[in-house]
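Number of protein chains: 2
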Amino acid sequence: MSDNIIENLTDHLAKFPGVGRKTAKRLAYYIVDLSDEEASGLIDAIKLAKSGVTKCKICGNYSEKEICDICASEYRDCSKLMVVQNPKDVDSFEKSKVYDGKYFVLDEEEINPLKGIGAKEIGLDRLEQLLNENYEIKEVILALNGNVMSSQTGLLIKAAAKKSGKEVTRISQGIPSGGVLEYFDTDTIRAAFLDRKEF
Amino acid sequence: MSDNIIENLTDHLAKFPGVGRKTAKRLAYYIVDLSDEEASGLIDAIKLAKSGVTKCKICGNYSEKEICDICASEYRDCSKLMVVQNPKDVDSFEKSKVYDGKYFVLDEEEINPLKGIGAKEIGLDRLEQLLNENYEIKEVILALNGNVMSSQTGLLIKAAAKKSGKEVTRISQGIPSGGVLEYFDTDTIRAAFLDRKEF
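Chains as they are written, first to last, in the numbering used here: chain E, 805 to 1003; chain F, 805 to 1003.
These are computed hints drawn from the structure, not numbers from a lab.
All values derive from a computational prediction rather than experimental measurement.
Careful, some of the hints might be misleading.
Identical chains share a label here; the pair holds if one copy fits it or two copies do between them.
Said to hold, decoys possible - No more than 27 Å apart at the CA atoms, straight line, and that leaves these computed lysine-lysine pairs for BS3-like:
1) 829 to 851
2) 826 to 859
3) 942 to 829
4) 829 to 859
Looking at chain E on its own, in the form it has when it is part of the complex:
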């Protein structure tokens, strides 16, 4: 095949997370088939996402302003600070409507000594500064993934938060809603047992 233009576009699309070469090719054909109007709309949306989105100076979440709406809001509970690993997690909690406090988004998802990602790289300095300066924060809630490196990251954050005299909690581990026990691994089963609650 000499369709280098389509191959070139496929190369770019294949770098998308969760998109394999085959899917990328399908997306490339989809883009070729777009009307001119739809294509410019897509290009403009990409350009805008690159130029118009910045990180909130307080929480580190993506925002179109220097201070994001959640950090600027007077209606959020300032005594709670939830630490999450990426902006998508903020989205998830906002959608769940279960949480009304503030957030802190780590700069990197987790520490990784092999990749040179340590306390500084995940933004611990920034978090420590916020905890030390903001006396309103009483509870630091760790909402981290269940893998080993995330747990290690959690331990670092816990130490820092304790030093600032804050209470530290973590979201519970267990079987997902609707989950069937037999499909889960030993670690999940163990965590679900250890995090058990009165019924």
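Mind docking chain F on chain E? Use the hints.
Using the frame of chain E, we list chain F on its own:
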């Protein structure tokens, strides 16, 4: 959430085939995270795909030239013409290296009376003209999907090809390589039986 820029980009990405809203959001975050260089590369690739790709005047496949490399090639077997439903199918056969003839890509994947897609819309006129003008073509190979509307489309093409005095064949139906019998529906099982071959 007030991140309208990310929502806007997500809207565009959610229109991609096989991409749901959740995946689109993940892709949007990926794009926001791209380096400026990677982002311009992506945008240029999309622009080029829209401006630099046309349809081959003979076979209807996507091409960067008026006549695609396969149609222009002297090394392909001109006695065979494979009719496929879209450019991806050409890709699949080219990758398989099992076929060395020429192709014909339908304008629409299949007839659909409810959507007003008939013989004209799928490009039957164009195919008939090619078959009538090109005496080298001896065999028309139908490589169509296994659904009902594709079969109906195949019947239309078969009639046209027969009228031009061409032999008409179709690719065989059956169990995919590595497929486990119990997972397939009655139609597949029936087709696999009827298309059986000496072993």
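Results of checking the hints against the structure:
1. In this assembly of identical chains, residue 829 and residue 851 lie within 27 Å of each other by CA distance both inside one copy and across copies; the values are 22 Å within and 16 Å between.
2. Taking the shortest Cα distances, residue 826 and residue 859 sit within 27 Å of each other only across copies (21 Å), while inside one copy they are farther apart (33 Å).
3. Within a single copy, residue 942 and residue 829 get their C-alpha atoms no closer than 50 Å, and across copies no closer than 32 Å, so neither meets the 27 Å cut-off.
4. For a Cα distance limit of 27 Å, the shortest separation of residue 829 from residue 859 across copies, 17 Å, qualifies, whereas the shortest one inside one copy, 32 Å, does not.
Violated hint: 3 only; the structure is consistent with all others.
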